[in-house]
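Heads up, the sequence shown is in numbering that gives the first Met the number 0, so the first residue is 0 and it goes up one at a time.
Each hint should be verified, as a subset may be incorrect.
Okay, the calculated beta carbon distance ranges per label pair [as the list claims (entries may be wrong)]:
no.	residue 1	residue 2	range
1	Leu263	Leu316	56 to 62 Å
2	Leu411	Leu11	28 to 34 Å
3	Leu411	Phe219	34 to 40 Å
4	Ala33	Arg259	41 to 47 Å
5	Gln302	Ala267	48 to 54 Å
6	Leu55	Leu263	22 to 28 Å
7	Arg268	Val185	20 to 26 Å
8	Arg385	Val185	27 to 33 Å
9	Ala188	Ala267	40 to 46 Å
10	Ala418	Ser392	36 to 42 Å
For lysine to any residue, the following SDA-like pairs were computed, each having C-alpha atoms within a straight-line distance of at most 25 Å [said to hold, decoys possible]:
no.	residue 1	residue 2
11	Lys190	Ile83
12	Lys314	Leu407
13	Lys217	Pro252
If you're looking for bench data, these hints aren't it; they were derived computationally from the structure. We put the CB at the ideal spot given by N, CA and C, even for glycine.
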Amino acid sequence: MGALLAIGAVILLMIIGVPVVFSFAAMTLVLSLAYGVDVSSLMTTGFWSINSIILLALPLFIMTGYLMQSGGIAARLIRFVEAIVGSSRSGMGTSMVVACGVFGAISGTASAAVAAIGTIMIGPMEKHGYSRPYSTALVGISSLLGLLIPPSITMILYAVVTRQSVAVVFLATIGPGILLMVFLCVINAIKTRKNPDASPEKLVLSERFRNIGSTGWKAFPALMLPVIILGGIYGGIFTPTEAAAIAVVYAIPVGMFVYRDLDLKALARCFIQAATTTGVIMIILLFSFVASRILTFERVPQQLTDLLLELFHNKLLILLMVNVFLILMGMIMDDVSVVAILSPLLLPVMESIGIHPVHFAAIVGTSVVIGCNSPPMAPILFMSCRIGNVGMSQVLRPAFSFMLLAALPVMLITTYWPALSLFLPKLLGYVH
Numbered sequence: 000m001g002a003l004l005a006i007g008a009v010i011l012l013m014i015i016g017v018p019v020v021f022s023f024a025a026m027t028l029v030l031s032l033a034y035g036v037d038v039s040s041l042m043t044t045g046f047w048s049i050n051s052i053i054l055l056a057l058p059l060f061i062m063t064g065y066l067m068q069s070g071g072i073a074a075r076l077i078r079f080v081e082a083i084v085g086s087s088r089s090g091m092g093t094s095m096v097v098a099c100g101v102f103g104a105i106s107g108t109a110s111a112a113v114a115a116i117g118t119i120m121i122g123p124m125e126k127h128g129y130s131r132p133y134s135t136a137l138v139g140i141s142s143l144l145g146l147l148i149p150p151s152i153t154m155i156l157y158a159v160v161t162r163q164s165v166a167v168v169f170l171a172t173i174g175p176g177i178l179l180m181v182f183l184c185v186i187n188a189i190k191t192r193k194n195p196d197a198s199p200e201k202l203v204l205s206e207r208f209r210n211i212g213s214t215g216w217k218a219f220p221a222l223m224l225p226v227i228i229l230g231g232i233y234g235g236i237f238t239p240t241e242a243a244a245i246a247v248v249y250a251i252p253v254g255m256f257v258y259r260d261l262d263l264k265a266l267a268r269c270f271i272q273a274a275t276t277t278g279v280i281m282i283i284l285l286f287s288f289v290a291s292r293i294l295t296f297e298r299v300p301q302q303l304t305d306l307l308l309e310l311f312h313n314k315l316l317i318l319l320m321v322n323v324f325l326i327l328m329g330m331i332m333d334d335v336s337v338v339a340i341l342s343p344l345l346l347p348v349m350e351s352i353g354i355h356p357v358h359f360a361a362i363v364g365t366s367v368v369i370g371c372n373s374p375p376m377a378p379i380l381f382m383s384c385r386i387g388n389v390g391m392s393q394v395l396r397p398a399f400s401f402m403l404l405a406a407l408p409v410m411l412i413t414t415y416w417p418a419l420s421l422f423l424p425k426l427l428g429y430v431h
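Whenever a hint applies, use it, and build me the whole structure from the sequences.
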C-alpha cells in the first residue's frame, strides 16, 4: 500500500507541474512515513550508491551531446547522411532518421538530438514538400533512437540501478535500435510516396559522388567519434566511463579548431548545460536509491512478483502487462524517472518468469520510446513541437502513426523474441 501511495504521489506531483526532483523527494518521504523508516539513516547509503565510477560517464556523455550541437559536429554528420540517402523522394525523411541514429551513437541523449537535428532539418524538409507537423513528429520519434543505440544515458542508468554491466546493456539495445530505424525509414518511404511535393534535388551520378566525397571528408572527424567510443569499449581498450572522457576530449578540439564553430563562450555554455542536466539526474538517482532500499527492506518487489504470478499464470501475458505498465508510466514520467523507479521494482518479476536482466533492458528501452512520445507528458514530443514551432494537436496524428506502425511492433518483437537483444551479448561472450 505504501509503495502505491508513493508512486501515486510522484504521478500527481508531476501532473500538477512540480519539478521531477522534488517529486522524487516527496516519494521518498511518503515511503519513509508509510513504512516507519528513518530516511536520514538511509541517505548515507544513497550517497554511497551514487559515488560510482560508472555514473561518471553520465556528465561526460551529456557534455558530448552539447558539444556536438554547438561545435558543428551534428551539422556535418547531417550533411553527410543527406548526401548518401537524400536523393530519393523519401530521402530527406530518411536522412533525419539515420542522422538521429548516428547522433545517438555518439551522445546517448534524445533531447540533444531533437535540438540539434530538428533545428537544422525541419525547415529544409518543409521546403522540400514535407509538412511541418510531419517533420516535427518524425524527429520526435527518431530522436529516441538515442535511448537505444549505444552509448545511451538511459541504459547507463538501467545498468546502475539493476547492477548490470554497462557494456552488456549497451549491446542489448543495438538490435532493437537498428530495427526501429529501419521501420521508420520504410514507413517514411511509404508515406512520402503519396506526396508528390516531397521531391528531391536531382543530381547526376558524378555530382552525387562528389557531394558524398566532399561531405564525407568534412564529416570524417565527427564520424570518428562513434568509432572511438564503441570500438574502444568493445575492443577492450577502455571502459565506458573512459570512453566518455575521451569523447569529450576529442569533441572540444574538433569543434574549436577543425570546424571552428565552438568558441570559449559556447564551450562555457555547454559546461553549464551539462552540469545542470547532470545535477538533476544525480538527485533523482539519490532519492530513487533510497526509495529502492526501503522497498527492498519491505519486500515490495517480492510481493509484486507473487501478486502478478497469482493473477496471471501465462508468461506472455505477464510480459504484455509489464509493457503496458511501462508505457503508461512513460506517458506521465520522463525516461530517467521510469528507469530509476520501475527497473529495480520489476526486475524480480522478470527474473521469476525466466527473463534475462539484459533482455529486460531492451524491453524497458523500447517501451520508454513509446511513452516519451505519448501525452499527457510526452517530454520529447513537446520539445519537438517547440523547435518545429507547431501545436501539439497538429503533431499527434503523424506521431501516433509512427508509434503504432514502428515503435509498437519493435517493442513487441523485442519483448517476445529474446534473440534480438541477446544475440550480440552472447556472440561476444558476455551472456551464456
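Each hint, compared with the structure:
Evaluation of the 56 to 62 Å hint for Leu263 and Leu316 yields a pass: the beta carbon distance comes to about 57 Å. At roughly 30 Å, the beta carbons of Leu411 and Leu11 sit within the given window of 28 to 34 Å. Taking the beta carbon of each, Leu411 and Phe219 are about 38 Å apart, inside 34 to 40 Å as hinted. For Ala33 and Arg259, the hinted distance range of 41 to 47 Å is not satisfied, since their beta carbons lie about 57 Å from each other.
Checked against the given bound of 48 to 54 Å, the beta carbons of Gln302 and Ala267, roughly 49 Å apart, stay inside it. A hinted range of 22 to 28 Å for the beta carbons of Leu55 and Leu263 is consistent with their spacing of about 25 Å. Separation of Arg268 from Val185 is about 38 Å and departs from the stated range, judged on CB atoms against 20 to 26 Å. Between Arg385 and Val185 the CB atoms are about 28 Å apart, so this pair conforms to the stated range of 27 to 33 Å.
Against the hinted window of 40 to 46 Å, the Cβ-Cβ separation of Ala188 and Ala267 comes to about 42 Å, which satisfies the hint. Look at Ala418 against Ser392: about 40 Å separates their beta carbons, and that is inside 36 to 42 Å. For a cut-off of 25 Å, the pair hint linking Lys190 to Ile83 stands: about 20 Å separates their Cα positions. The hinted pair formed by Lys314 and Leu407 meets the criterion: a straight-line CA distance of about 19 Å does not exceed 25 Å.
With a CA separation close to 15 Å, the supplied pair Lys217 and Pro252 stays within the 25 Å bound.
The structure is inconsistent with the numbered hints 4 and 7, although it conforms to all the rest.
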